[in-house]
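Peer 1: Sequence:
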Amino acid sequence: MKELIDYIAKALVDHPDQVAVSEIEGNQTSVLELKVAKEDLGKVIGKQGRTARAMRTILSAASAKVKKRTVLEIIE
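Heads up, the sequence shown is in UniProt numbering, so the first residue is 1 and it goes up one at a time.
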């Protein structure tokens, strides 16, 4: 899951070297924290949060395959 978000985020931003994804794993749920450059934050979130919602939808579909819940948090 971490690699999936990393790949999508790097494709969206102008500074892919500043993309960092960290994973906090629990028993049933994993939390992915996405950090990008300050000027790329709008590109990752998108208009009215559409890009972030799309990333979360893809993530939930992929995590459903492995029967685990994954949450994406975008850190400023």
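No lab work stands behind these hints, which were simulated from the structure alone.
Any given hint could turn out to be false.
Straight line, CA to CA, 30 Å or less: simulated BS3-like cross-link-like pairs of lysine-lysine [claimed, not checked]:
| no. | residue 1 | residue 2 |
| --- | --- | --- |
| 1 | 43 | 2 |
| 2 | 68 | 10 |
| 3 | 38 | 67 |
| 4 | 10 | 47 |
| 5 | 47 | 2 |
| 6 | 43 | 10 |
Peer 1: With the threshold set at 30 Å, check whether the alpha-carbon distance from residue 10 to residue 47 stays at or below it.
Peer 2: holds, 18 Å
Peer 1: Does residue 38 pair with residue 67 here, judged by a C-alpha cut-off of 30 Å?
Peer 2: violated, 33 Å
Peer 1: For the pair supplied as a hint, residue 68 and residue 10, confirm whether the alpha-carbon distance does not exceed 30 Å.
Peer 2: holds, 24 Å
Peer 1: Checking one constraint from the list: CA of residue 47 to CA of residue 2, max 30 Å. Satisfied?
Peer 2: Holds - the C-alpha atoms of residue 2 and residue 47 are around 24 Å apart, at most 30 Å.
Peer 1: Verify the proposed pairing of residue 43 with residue 10, using a straight-line Cα cut of 30 Å.
Peer 2: Given that 30 Å is the threshold and the Cα spacing comes to 11 Å, the pair holds.
Peer 1: Within 30 Å, alpha carbon to alpha carbon, are residue 43 and residue 2?
Peer 2: Answer holds: residue 43 to residue 2 is near 19 Å, not above 30 Å.
Comparing the model with each earlier hint shows a violation of hint 3 alone; every other hint is respected.
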